[in-house]
Amino acid sequence: MSRIRLLLWVLVGIAAVGGIFLALNPPPASTGQGQEMPLDTIGGPFTLVGGDGQPFASSRLAGKPAAVFFGFTRCPDVCPTTLARLTRLRSQLAKGDEAFSIVFISVDPERDRPEDVGRYTTLFDTPVIGLTGSPAQIDRVKKQFGVFSQKAPTSGGDYSVDHTATVFLLDRAGKFVATLSPEEGNEAALAKLRRIST
Amino acid sequence: MRRAILATFLVLAACGQSEAPKVEAHDAWARAVAAPGGMAAAYLRISNKGGEDRLLSVHSERGSGASIHMTRMSGGVMKMRAMPEGLPVPAHGEVTLVPGGTHVMLEGAGPLLAGDRFDLVLRFEKSGEMTVPVSVVAPGAR
Numbered sequence: 000m001s002r003i004r005l006l007l008w009v010l011v012g013i014a015a016v017g018g019i020f021l022a023l024n025p026p027p028a029s030t031g032q033g034q035e036m037p038l039d040t041i042g043g044p045f046t047l048v049g050g051d052g053q054p055f056a057s058s059r060l061a062g063k064p065a066a067v068f069f070g071f072t073r074c075p076d077v078c079p080t081t082l083a084r085l086t087r088l089r090s091q092l093a094k095g096d097e098a099f100s101i102v103f104i105s106v107d108p109e110r111d112r113p114e115d116v117g118r119y120t121t122l123f124d125t126p127v128i129g130l131t132g133s134p135a136q137i138d139r140v141k142k143q144f145g146v147f148s149q150k151a152p153t154s155g156g157d158y159s160v161d162h163t164a165t166v167f168l169l170d171r172a173g174k175f176v177a178t179l180s181p182e183e184g185n186e187a188a189l190a191k192l193r194r195i196s197t
Numbered sequence: 000m001r002r003a004i005l006a007t008f009l010v011l012a013a014c015g016q017s018e019a020p021k022v023e024a025h026d027a028w029a030r031a032v033a034a035p036g037g038m039a040a041a042y043l044r045i046s047n048k049g050g051e052d053r054l055l056s057v058h059s060e061r062g063s064g065a066s067i068h069m070t071r072m073s074g075g076v077m078k079m080r081a082m083p084e085g086l087p088v089p090a091h092g093e094v095t096l097v098p099g100g101t102h103v104m105l106e107g108a109g110p111l112l113a114g115d116r117f118d119l120v121l122r123f124e125k126s127g128e129m130t131v132p133v134s135v136v137a138p139g140a141r
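If you read the sequences in order, they're chains L and B.
Each residue of the first sequence is one higher than the last, beginning at 0 in numbering that gives the first Met the number 0.
Each residue of the second sequence is one higher than the last, beginning at 0 in numbering that gives the first Met the number 0.
In case anyone wonders, no lab produced these hints; they're calculated from the structure.
Take the hints with a grain of salt, since some may be wrong.
In silico DSSO-like cross-links for lysine-lysine, where the CA-CA straight-line distance does not exceed 30 Å [said to hold, decoys possible]:
no., chain 1, residue 1, chain 2, residue 2
1, B, K125, L, K191
2, B, K48, B, K125
3, L, K63, L, K142
4, L, K63, L, K94
5, B, K125, L, K174
6, L, K174, L, K141
7, L, K191, L, K94
8, L, K191, L, K174
9, L, K63, L, K191
10, L, K142, B, K78
11, B, K78, L, K150
12, L, K141, L, K191
13, L, K141, B, K125
14, L, K174, L, K63
15, L, K141, L, K63
Produce the complete structure using the sequences and hints provided.
If you want it as structure tokens, here you go:
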């Protein structure tokens, strides 16, 4: 009996040391495969192309928080699912469309023309901003946000795009403040959105 | 005694192999898609009250091709891959095709409007073909 008690205390000791170690050495934030960057360098000003074919500068997002998601219009599952989730979360906040902007940035600039992202985002009965750009513009904004993407060939000679599925939350000034992950529960997500939209 | 145990085991093994699957498909739905020729995904639940089976392929009356795909998240990165070997349906169990997981990818299926209905034909290894109606829901509905 006393041996079991001793063993339990040893386990408690190991857990405590582990906890202290983790507290002193927090794992670095990761926003995608092989891309780790300090949180305060994520984001920054960008200029892309809107669904109307006109340049879209990130300064147009200022004054309102934003949820930024990278994807591609030929993505049938995760991209519409994530955008649908963001529209639902925004309506659950009950502060109207002004609570935060929902921004979709294509990581497939070769196939996604401005009219494609424009049409993709009109699907939702609430405003969603769709952006694409030249491959160079998209590369730059991906680097700014630490977003990974890579073509994955499909059997028909076509391709899908593997990409970071994290949602980036920006405050009113356009500064990166937090992420939402697909695995995260709605309550946690709502708490973060409430914080940036008040 | 040993012979009796062996016999029992063989009978049980034979039962396990030959039990016919009782597969049913439920609640098939797809999210609306705006673009003509756009990609879509269909989701459903497959229940099985019998022996194991396998969903081998899917045919859709909408679009140019339907295939079973799986979305995996690894290190925050979304990866979508075809499942050419099909989708196992366990004995006395169920599989669910849900957003962010296994789904039926429908190429060129757009536009799909909320309220539309179309048929999917599921082809199982043992249960054969089964037609299931798919309801198209508003994009933010679920």
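Now the hints, each set against the structure:
Restraint check for K125(B) and K191(L): not satisfied, since their Cα atoms lie roughly 48 Å apart, outside the 30 Å limit. Distance hint between K48(B) and K125(B) is fulfilled; the C-alpha atoms sit about 14 Å from each other, no more than 30 Å. With a C-alpha separation of about 23 Å, the suggested pairing of K63(L) with K142(L) holds against the 30 Å cut-off. Straight-line distance between C-alpha atoms of K63(L) and K94(L) comes to about 12 Å, which keeps the hinted pair within the 30 Å bound.
Pair hint K125(B) plus K174(L) does not hold up; C-alpha atoms about 56 Å apart against a cutoff of 30 Å. Using a Cα cut-off of 30 Å, the hinted pair K174(L) and K141(L) holds, with the two alpha carbons roughly 16 Å apart. With a CA separation close to 14 Å, the supplied pair K191(L) and K94(L) stays within the 30 Å bound. Distance hint between K191(L) and K174(L) is fulfilled; the C-alpha atoms sit about 14 Å from each other, no more than 30 Å.
For the suggested pair K63(L) and K191(L), the alpha carbons sit about 15 Å apart, so the restraint of at most 30 Å is met. Proximity of K142(L) to K78(B) is assessed by CA-CA distance (about 19 Å); at most 30 Å being required, the pair is judged to hold. At roughly 10 Å between alpha-carbon atoms, K78(B) and K150(L) fall within 30 Å of each other, so this suggested pair holds. At most 30 Å may separate the alpha-carbon atoms for a hinted pair to count; K141(L) and K191(L) meet this at roughly 23 Å.
For the hint pairing K141(L) with K125(B), the CA-to-CA distance comes to about 47 Å; that exceeds 30 Å, so the pair is violated. Taken as a hint, the K174(L) and K63(L) pair is honoured in the structure, with Cα atoms around 11 Å apart against an allowance of 30 Å. Taking the CA atoms of K141(L) and K63(L), the gap is about 22 Å. The hint holds against a cut of 30 Å.
Checked against the numbered hints listed earlier, the structure breaks hints 1, 5 and 13; every other hint is satisfied.
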